[in-house]
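There are 2 protein chains.
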Amino acid sequence: MNKTQLVDLILKKKSFLCIGLDTDITKIPAHLLDTEDPVFEFNRQIIDATIDLAVAYKPNLAFYESRGVKGLISLEKTMQYLEKFRSEVFTIADAKRGDIGNTSEMYARLFFDKSASAMDFDAVTVAPYMGEDSVKPFLSYADKWVILLALTSNKGADNFQMLSSGDKKLFEHVLSVSSQWGSDENMMYVVGATRAEMLTEIRKIVPSHFLLIPGVGAQGGSLQDVVEYGINSQVGLLVNSSRAIIYASRGIDFAAKAREEAAKVKDEMEALLLQHNLI
Amino acid sequence: MNKTQLVDLILKKKSFLCIGLDTDITKIPAHLLDTEDPVFEFNRQIIDATIDLAVAYKPNLAFYESRGVKGLISLEKTMQYLEKFRSEVFTIADAKRGDIGNTSEMYARLFFDKSASAMDFDAVTVAPYMGEDSVKPFLSYADKWVILLALTSNKGADNFQMLSSGDKKLFEHVLSVSSQWGSDENMMYVVGATRAEMLTEIRKIVPSHFLLIPGVGAQGGSLQDVVEYGINSQVGLLVNSSRAIIYASRGIDFAAKAREEAAKVKDEMEALLLQHNLI
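Protein sequences appear in the order of chains V and S. Per the working numbering, the very first residue in the first sequence carries number 1; after that it's consecutive. Per the working numbering, the very first residue in the second sequence carries number 1; after that it's consecutive.
The set of hints was computed from the structure by calculation and includes no laboratory data. Misleading hints may appear alongside valid ones.
The list treats identical chains as one, so a pair stands whether inside a single copy or across any two.
[What the hints assert, rightly or not] Straight-line distance between alpha carbons at most 25 Å, and here's what the computed DMTMM-like set of lysine to aspartate or glutamate pairs gives:
1. 77 / 37
2. 70 / 24
3. 70 / 83
4. 136 / 24
5. 168 / 260
6. 168 / 83
7. 155 / 105
8. 14 / 88
9. 155 / 133
10. 27 / 105
11. 169 / 261
12. 114 / 34
13. 3 / 260
14. 27 / 133
15. 136 / 260
Construct all of the structure, not just a fragment, from the sequences and the given hints.
See the structure below:
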């Protein structure tokens, strides 16, 4: 999916909600455990219940890989299911990969090349530590995106991301250096909602890039602050919520409750888009 | 495997060679392509041919994952095969993972908890960008190791790892800060052989930690330099070679040729261990 299509989708759905499919088999409703593939069944019902409210889905690879082959099968089935909504949602492999060039090429194949792995994501999250040649292989696919970690929402972000070098912090170097590797048509950045006040400075470095914002919901970030400091003329935001939506209920009504939670966020997003004269 | 066992193994085998199982189905000998699982069959024959020469094997996850479920099955079979050499080799999942705490917990389960994924590695490579809480979950398993990226062997290492902050470069901050998260009994560091001259400074920060050194062989680093600047009283080095060994021949003799290459490296290592009075 290219940038124009993504922006159109956001304006059409009046939502920039990304739902994180951090599907943990120990947390899904008991009645699903008798189905052939409980994790896929959970995802399918969440997707069906929220497809008109969300612009993106973001499976977190760890939750699938931690179950070995079974988990990967659940993920592949989820991605195959999302195929039928191809033009209606943006898909993100939350994988935080990054390695030397020949290895990043392999990861790119995993996420972007359907002939290799039965998966065809629009985007993958990548860690910046190994630099340009670890990121570039992901940028060689048309209409596919790298979402590079810049400033994450966890406490450990303070260890290195906030270190000062010259007049900039490390995450600011990551933004300014890496923005030369691609463009706002194939790169986005992860910026944690728990650091919304820093979005003003971030927007000075990357005014037009999309930002993927985790940390709203269970991690405590505020949607209003994120929009206040981070929105741009093409919206430029995908705000992720995982646990607060997908685990809204652990009962038989989990999908309906997930929809209720997603609708609350979507309504707040619609109001904010109106307020900023974007719809 | 704990540190004492690893050091004993190195002294017994007179080798600190790690063989990287970067097994690419497009590069393995044609005669294996008719077997049920060519990637596993390749690995099995490489392992059988080199088990007395190598102290560690390091499958690179990307090469398996890029083939989807099929690839993961090849990897699980390789790890199950290595079980029979449990006390004779150290195993490393070269995965370069790292995410917020609950996600890193999932990755730890994938690599360290056999009940979850049929894999039971001794160590996993982790990227430091997200800081302490992204690394800690891997350190909660007894006799398991985190191998944290410090200074990598690729060109992109210059983008961020070499940035100065105060009187230290970023990778030196990574070494000094992260060495407080665990100990030399459960943490190692990746330091590229292409930067061997920097090992002197690195040894000032982490004198007793093991270092995993990629970049000898195809990437051009020198074993002699690595040992000169990096060895300590418990050896403290695992030197990896992938392509130069496993692809020594693409013919029917690939395993014998891999053994020849591994033996050359092992002999050089034995001579260097003797020269440093360690055996």
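**Study point:** Hint numbers contradicted by this structure
**Key:** Failing hints, ascending: 5, 6, 11, 13, 15.
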